[in-house]
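Heads up: the sequence lines are chains A and B, in that order. Numbered by this note's numbering, the letters in the first sequence go through residues 74 to 185 in order. Numbered by this note's numbering, the letters in the second sequence go through residues 24 to 139 in order.
Possibly wrong hints are sitting among the right ones.
[As the list claims (entries may be wrong)] Okay, derived cross-link-like pairs now, DMTMM-like style, lysine to aspartate or glutamate, Cα gap no bigger than 25 angstroms in a straight line:
#1 A:143 <-> B:49
#2 A:109 <-> B:61
#3 A:140 <-> B:127
#4 A:109 <-> A:89
#5 A:109 <-> B:49
FYI, nobody ran anything at the bench for these hints, they're computed from the structure.
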Amino acid sequence: GEDVEQSLFLSVREGDSSVINCTYTDSSSTYLYWYKQEPGAGLQLLTYIFSNMDMKQDQRLTVLLNKKDKHLSLRIADTQTGDSAIYFCAEGWAGNTGKLIFGQGTTLQVKP
Amino acid sequence: NAGVTQTPKFQVLKTGQSMTLQCAQDMNHNSMYWYRQDPGMGLRLIYYSASEGTTDKGEVPNGYNVSRLNKREFSLRLESAAPSQTSVYFCASSETLGRGARDEQFFGPGTRLTVL
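Could you build the full structure based on these sequences and the hints that come with them?
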């Protein structure tokens, strides 16, 4: 079955790098996503990676994908207090439903 | 464009009461979804609708019903609320082009439901 796992909490100091990790079980997924949820709000797409890629960089964000180990990570460089949020990884499949399977979410706390 | 809107924002129910959560999107999206979010559990899919006129069960459908009223609107009904249904409910929509296209889900702001 499909399952996505994340650690629940990460605390870093402002200016440090943050690395949020995710593992998934279904190797047939086509895209892997990172969503961000700020307090009291819905989720917003942060970035994504196609399953045949190893790495994607987008300004302060770097996504690494290890398909062999089914491991996804999100690195945030120069973490700011505004990055404090819950980060969800999700896997999706090319098809006609658009369904995603989400992990539990990692709460990132950024200390000044 | 308002995106995805949900009503109400907050609701308190007593055990056994019924209610309908409303969701609407103005992006002409094909697919719509209902999730619940509980601490440490992430988002769990309750029901989804891949196109107007179709609905399918997700991971946790028991105790819920849905209606895809038209392309814009997708409602979630609790017929007899239970304390275990205390949660934050999110509606989402996506374009769902299929054929290998990447599909971004857009989320509403959520409904915070407490069942006493």
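Results for each hint:
1. A:143 <-> B:49: Violated, at roughly 36 angstroms.
2. A:109 <-> B:61: holds (16 angstroms)
3. A:140 <-> B:127: holds (21 angstroms)
4. A:109 <-> A:89: Distance of about 19 angstroms is within 25 angstroms: holds.
5. A:109 <-> B:49: holds (22 angstroms)
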